[in-house]
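The residues making up each chain are set out below.
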Amino acid sequence: MAIIVNVDVILAKRKMKQKDLAEAIGITVQNLSILKTGKARAIRFSTLDAICKHLDCQPGDILEYQPDTVE
Amino acid sequence: MTELSYLQCWKSGKNHVEKLKITSTRLQIVVLILILLMPCAVALNAATAAWAELLNMPQGIALDATRISGISLLVVLTLGSIKPVVYMIAFWFLYKLLGLYREGIIFTAKNVAAIRRIGWAVASIDIADMLQTLITGPILTFYNISSGYMAARLEVGFLIIGLFIALIAYVMDMGRELKEQDNLVI
Numbered sequence: 001m002a003i004i005v006n007v008d009v010i011l012a013k014r015k016m017k018q019k020d021l022a023e024a025i026g027i028t029v030q031n032l033s034i035l036k037t038g039k040a041r042a043i044r045f046s047t048l049d050a051i052c053k054h055l056d057c058q059p060g061d062i063l064e065y066q067p068d069t070v071e
Numbered sequence: 072m073t074e075l076s077y078l079q080c081w082k083s084g085k086n087h088v089e090k091l092k093i094t095s096t097r098l099q100i101v102v103l104i105l106i107l108l109m110p111c112a113v114a115l116n117a118a119t120a121a122w123a124e125l126l127n128m129p130q131g132i133a134l135d136a137t138r139i140s141g142i143s144l145l146v147v148l149t150l151g152s153i154k155p156v157v158y159m160i161a162f163w164f165l166y167k168l169l170g171l172y173r174e175g176i177i178f179t180a181k182n183v184a185a186i187r188r189i190g191w192a193v194a195s196i197d198i199a200d201m202l203q204t205l206i207t208g209p210i211l212t213f214y215n216i217s218s219g220y221m222a223a224r225l226e227v228g229f230l231i232i233g234l235f236i237a238l239i240a241y242v243m244d245m246g247r248e249l250k251e252q253d254n255l256v257i
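Chains as they are written, first to last, in my numbering: chain F, 1 to 71; chain E, 72 to 257.
Here chain F stands alone, though its shape is the one from the complex (with noise of 0.2 Å):
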């Protein structure tokens, strides 16, 4: 899919491990890996608005545009 969910980087810059982050904003571990693996099919605002709260980034950040390599 050509948006790319980078929540995996902005963790590491911010030294969060994926399970705190998961506590904090009130999802499931599985969730959230099928979020970073790029296997979900929508986010929720509400996802979106914790995930930038607690880790203090934008959407823009998280959610990456690549367009798909046509040959």
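Errors might be hidden in some of the hints.
[Said to hold, decoys possible] Which residues of chain F face chain E? A partial, calculated answer using Cβ under 7 Å: (1) Leu35; (2) Gly38; (3) Ile43; (4) Thr47.
[As the list claims (entries may be wrong)] Not close to chain E: a few residues of chain F, all C-beta gaps over 10 Å, as computed: (5) Ile3; (6) Leu11; (7) Lys15; (8) Lys17; (9) Leu21; (10) Ile27; (11) Arg41; (12) Cys57; (13) Pro59; (14) Glu64.
Just so you know, the hints here were simulated from the structure itself, not pulled from any lab data. It should be emphasised that the depicted structure is a prediction, and the values quoted were computed from it without experimental measurement. All residues carry an ideal CB built from backbone N, CA and C; glycine is no exception.
We have chain F; now place chain E onto it with these hints.
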């Protein structure tokens, strides 16, 4: 099962899945008893020589019970078992579905398949009834158990119910897909 009794569970407002598990366990026992009763009913009919009831014959058809022995007895029992076997299959699928509920598996492809099978099995009851009525006359005549007769009956009650259950399974499958998609919304 949990340490909570059925009544305690309902009163305490424990989560719905737990209630479903308890109810399913109890219903499974009832369904199992019904499955076991089917061959007993056939055997009882055979033991009391209630052949007309067993073969689901139309009223007024004479039957020479003295000729029912050996192979013809086997044939009559097979004919009489057609409908009970279909009932047993339907109950068996219901038993399996309740087993899934008991394990807490509710909205999965397995449940959909189980409900769909129940639907087709229930619809088959009328088809089995029609088939049994249709072939009983010629077969009994062939074995000289009955004077030549042929009957046909068209019942659609179970057919409609079965198709409706199959339709519910289809709708449930759509719901399952929606749920799976919803699981990927974080």
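How the hints compare with the structure:
Because the closest C-beta pair between Leu35/F and chain E is about 5 Å apart, less than 7 Å, the hint holds. Given hint, Gly38/F at the interface with chain E, is violated; its Cβ is 11 Å from that chain's nearest Cβ, farther than 7 Å. For the restraint placing Ile43/F at the interface with chain E, the shortest Cβ-Cβ distance is roughly 5 Å, inside the 7 Å limit, so the hint holds. Among the interface hints, the one on Thr47/F holds; its C-beta lies about 5 Å from the nearest C-beta in chain E, closer than the 7 Å criterion.
With a closest Cβ-Cβ approach of about 13 Å to chain E, Ile3/F is found to remain outside the 10 Å limit, as its non-interface label requires. A cut-off of 10 Å between C-beta atoms confirms that Leu11/F is not in contact with chain E; the least separation is 15 Å. Every CB of chain E is more than 10 Å from the CB of Lys15/F (nearest about 23 Å), matching its label as outside the interface. Distance check for Lys17/F against chain E: the nearest CB is about 18 Å away, which clears 10 Å, and the non-interface claim stands.
The non-interface label for Leu21/F is consistent with chain E: the shortest C-beta to C-beta separation is roughly 12 Å, beyond 10 Å. For Ile27/F, the condition that its CB be more than 10 Å from all CB atoms of chain E is violated, with the nearest at approximately 6 Å. With a cut of 10 Å on Cβ distances, Arg41/F falls inside the contact zone with chain E, its closest approach being about 4 Å. Remark: the non-interface label on Cys57/F is consistent with the geometry, its nearest Cβ contact in chain E lying 17 Å away (cut-off 10 Å).
Non-interface status of Pro59/F relative to chain E is upheld: no Cβ of that chain comes within 10 Å, the nearest being about 14 Å off. At roughly 17 Å from the closest C-beta of chain E, the C-beta of Glu64/F stays outside 10 Å, upholding its exclusion from the interface.
In this structure, the hints that do not hold are numbers 2, 10 and 11, in rising order.
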